[in-house]
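One-letter residues, chain by chain:
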Amino acid sequence: MNDDKIKIKVRNYGFYYGTVKVLSDVNMDIQENAITSIIGPSGCGKTTFLRTFNRMNELLPNTRVEGEIIIDGIDIYKDNIDVVDLRKRIGMVFQRPNPFPKTIYENIIYGPRLHRKYTKKQLGSIVESSLKRAALWDEVKHKLNTNALDLSGGQQQRLCIARVLAVNPEIILMDEPASALDPISTQKIEDLMDELKENYTIIIVTHNMQQAARVSQKAAFLLTESTGEPATLIEYDDTNKIFTNPRDKRTEDYITGRFG
Amino acid sequence: MVGEGIEINKRRKTVMEKISYTFLLFLTLIVIAFVMGIIIYLIVKGSSAINWEFLSQKPRAGMREGGIFPAILGTMYLVIGTLIFSLPIGILAAIYLNEYASKNRLTRIIRLSIINMSGVPSVVYGLFGLGFFVILLKFGRSILAGSLTLALLILPVIITATEEALKTVPDSYRHASLALGATKWQTITKVILPQALPGIITGSVIGIGRAAGETAPIIFTVAAFSQPNLPNSIFSQVMALPYHLYVLATQLTDTPENMQWGTALVLLMLVLIFAVSGTTIRTRFRLRKKE
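Protein chains in written order, with the numbering used here: chain A, 1 to 260; chain B, 1 to 291.
Derived by calculation from the structure, the hints in this document are not laboratory data.
Since the structure is predicted, the reported quantities are computational estimates derived from the model, not experimental observations.
Heads up, some of the hints might be wrong.
What the hints assert, rightly or not - No farther apart than 35 Å at their CA atoms in a straight line, the calculated lysine-lysine pairs in the DSBU-like style are these:
id, chain 1, residue 1, chain 2, residue 2
1, A, K120, B, K184
2, B, K167, A, K78
3, B, K190, A, K143
4, A, K102, B, K190
5, B, K190, A, K120
6, B, K167, A, K120
7, A, K9, A, K21
8, B, K58, A, K132
9, A, K121, A, K143
10, A, K7, B, K184
11, A, K9, B, K184
12, A, K102, A, K249
13, A, K102, B, K138
14, B, K184, B, K103
15, A, K5, A, K249
16, A, K117, B, K184
17, A, K78, A, K9
18, B, K167, A, K141
19, A, K121, A, K102
20, B, K13, A, K78
21, B, K103, A, K143
22, B, K103, A, K21
23, B, K138, A, K21
To be verified - Some chain B residues judged to face chain A by a derived CB distance under 10 Å, without partners named:
id, residue
24, S102
25, K103
26, Y173
27, R174
28, V191
29, L193
30, Q195
31, P228
We put the beta carbon where it would ideally sit given N, CA and C, even for glycine.
In isolation and in its complexed conformation, chain B is listed as follows (with noise of 0.2 Å):
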């Protein structure tokens, strides 16, 4: 019978449905869990740690005791400092990429160029730092070498978020704009960019999220040990929370183990707040264009 063939097959579609869809929620659930047990984990080692005098102090007593406020310091200098060399050459870039380059041999190598950039091992980019801007241009081991090191390892981050949200502004605004009179750089200001800042806002902030956790780059060009006086220049070194977590964890017996717990949770936390400081913006601006 016709009808009890349709029933059969339903229940086995349904069967195979409800499989895939348990197996599918289940491994989305496995990456959830991992993250949210990273995070408790670090609360649960690190928060102990965390008190006032922790966030405003220097190391004390060979880095055992005190804060880390240097290293807090120091990365959110970093942070902005790689922010200043990368948005604009990043946004820049894409811009010329999606709507100024034609499709020839020059924007391919361009664009496998980005591809490799964003594949170099980040322990390169550090050597190279060390190279070019520590030494070459005679920059020493300072904010300004290390965030021109961290600019160059996230610019492919910022240069294709950037392009991706400049890809998906429709076309028929460009050429409403142009038909208007507009040339190309006023409507590139006026009606693609504010479109498209969403997107680079969302790629800023993951670029962020790296140049404040990256080790290697920041070791050769600009990581100090321990400084006894905050930085004064952008040619002072700096201490940062990613390479001072790495002193505290390996070269260093003896310190409190929730000291290093909590630089861990602080360096989460602080990328954290740009992620939904980035997000709220965004945010912002998406409820203000709907007005």
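The following block holds chain A by itself, in its conformation from the complex (with noise of 0.2 Å):
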């Protein structure tokens, strides 16, 4: 693994909901093909900030970002960005799955097809690779044609993760993928993670640091010290160090289980 390769620059980044601070004075280097867990109690902005590096935060009214959010050099939030291409660029896996409500073939050709024609041939091959990446491939191969939402949920959210791998992104966020899952899909979802970081740059959001621990290899500890203050980046490291020798004592207060 080539440690050093940095995705994101994120500089003194904050978040503002209407005049509301949220997140504030937020540094951290992201890296290439490795998996960064974004952890902290409910409520401190985890998601926020994910979202901030497909500008999804931006269909909500009233909101500001201030600071820079750069991606291969460049500034997500200059003016010049074309918030489409990026988003194309940079995958986004939900909390809940949420396949549309169309066959599964649809569901991983829609984004693709957004953005070129391609031959029904193409599609085919499009639609077999990101199954297989996603490890679903062997469980709905002869079934491409069945509603999405007849699939059991684990399942669903793979097909949700395929379907980001079709359009070919670098970066993939996911906002607490495994919590609407069951233990066995959740294995799943996080030896495929594992798989994928080979590849693609990940950030995930989780509110369980077992799954934090297990499955990335840097970690942000975000938090809200007072109430009406906005969130901090109290920590980032190595996750291994941040989970067993932590520099601050919030950070220990948090992963020994003592608030949030």
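Hints in hand, dock the two standalone chains.
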């Protein structure tokens, strides 16, 4: 693994809902081809932070970002950035599996077909390779034309991952991707993430500390210290270090379960 | 004793349950009874008038004989014309309101206008159509003017139904689509509208029912008392079922009574056919999605 390759630089990042500042002074470098987990108690802005990277926060009215998010050397909040193009490069997996109420096949080809035309044959191979990379192919290859909503929750979530992979992103954002799933499905998603990190940069938000410890190489701990104040990045380091030998007392309190 | 108390309570509650159940059922049955009553009455009184000649011929002998074909055709034309104008405008307006509009003053004014539009009496639409489409825009009394007037009348129905249908599409679909790099418009056309289609169809069917049955808006804008020739352009006048019914019932003496009832029955059947085909399309669509 190439340890020092930086994919994303976060500089003096802050975020406002209306006039309320919810995140402040976040600075961190996110590694390429690694899994970075964002942990912290409920309501500390983990999801808000995650949605900063594909500018999904913009769907809400009256939000504002300060600072810079630099991906491959480019600040994605500059005026000349095409959000549509950005989101093509940065896929997102949501907390609850949200396949479209279409067939499995249609779910996968939805993304690719937004961006250009493909022949039927090309689409077929996109579907196969995406489902294979999402470890779902063997379970669904005989029923690609059935409704995606008939799959189990865990299969639906892997379908959503496959749907993201079909667009060939560089970065995958995951917002508690296993929190609505049973332990076996969770296990499958985690194994999958481990494979995917060879080719993708993954950022995962999780409230499950064991999960963060299991899957990620880097971990960032966000915390709102007192109500009304914005959350800040308390500690960011190798996951091993965060969970075994944290620098900050507050990190230690959190990972040992003293609050949150 | 506790047990005794509970038993008494239970008995009392069961009685209350039964009374309210019966009462609600009774009220519902009244509604059904009226609908069935109207239909049965129409069938009893009017079915004797219905035969192939009645459906396919022009009126003869000062409308006292012959059929009502021009009125059936005219109503069909009006319904189609109305949908051509009201569906695109209504659906697009609803998309704007639900997907694009921010919560500001303009949006509030638009919503208020739509609510008011649905409260305006239909005769006022007729007068407006006369003044605006017929006279000012010089469309004359024509299918065009009548369709536009009816389109205005059912716009609130289409907009409201479409907006409700759009609201039922979960945001998670929108987010999934946008996160894959879809534009807002791609998201609307590829994910949201297909999901909302059943609701839109329902709204359209209700709209069709109103457009086909209204008399007041078409009296001034399109309806002909009697027409020797069938319409040949969108600037022709047409006969229409509701107006024809009005004429038969009030303007002419000694028309056979079963012709009046027969006309009403045909109008009802026409609306019913539209409704059934709407529901069939909707069910087909749902099934296809479920496959």
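Do the hints match the structure? See the list:
{"no.": "1", "hint": "A:K120 / B:K184", "result": "holds (26 Å)"}
{"no.": "2", "hint": "B:K167 / A:K78", "result": "holds (33 Å)"}
{"no.": "3", "hint": "B:K190 / A:K143", "result": "holds (22 Å)"}
{"no.": "4", "hint": "A:K102 / B:K190", "result": "holds (11 Å)"}
{"no.": "5", "hint": "B:K190 / A:K120", "result": "holds (19 Å)"}
{"no.": "6", "hint": "B:K167 / A:K120", "result": "holds (34 Å)"}
{"no.": "7", "hint": "A:K9 / A:K21", "result": "holds (21 Å)"}
{"no.": "8", "hint": "B:K58 / A:K132", "result": "violated (68 Å)"}
{"no.": "9", "hint": "A:K121 / A:K143", "result": "holds (18 Å)"}
{"no.": "10", "hint": "A:K7 / B:K184", "result": "holds (28 Å)"}
{"no.": "11", "hint": "A:K9 / B:K184", "result": "holds (28 Å)"}
{"no.": "12", "hint": "A:K102 / A:K249", "result": "violated (49 Å)"}
{"no.": "13", "hint": "A:K102 / B:K138", "result": "violated (48 Å)"}
{"no.": "14", "hint": "B:K184 / B:K103", "result": "holds (18 Å)"}
{"no.": "15", "hint": "A:K5 / A:K249", "result": "holds (29 Å)"}
{"no.": "16", "hint": "A:K117 / B:K184", "result": "holds (19 Å)"}
{"no.": "17", "hint": "A:K78 / A:K9", "result": "holds (14 Å)"}
{"no.": "18", "hint": "B:K167 / A:K141", "result": "holds (34 Å)"}
{"no.": "19", "hint": "A:K121 / A:K102", "result": "holds (20 Å)"}
{"no.": "20", "hint": "B:K13 / A:K78", "result": "violated (67 Å)"}
{"no.": "21", "hint": "B:K103 / A:K143", "result": "violated (44 Å)"}
{"no.": "22", "hint": "B:K103 / A:K21", "result": "holds (22 Å)"}
{"no.": "23", "hint": "B:K138 / A:K21", "result": "violated (59 Å)"}
{"no.": "24", "hint": "S102", "result": "holds (6 Å)"}
{"no.": "25", "hint": "K103", "result": "holds (8 Å)"}
{"no.": "26", "hint": "Y173", "result": "holds (6 Å)"}
{"no.": "27", "hint": "R174", "result": "holds (8 Å)"}
{"no.": "28", "hint": "V191", "result": "holds (6 Å)"}
{"no.": "29", "hint": "L193", "result": "violated (13 Å)"}
{"no.": "30", "hint": "Q195", "result": "holds (7 Å)"}
{"no.": "31", "hint": "P228", "result": "violated (54 Å)"}
Hints 8, 12, 13, 20, 21, 23, 29, 31 from the list above are not met by this structure, while the remaining hints are.
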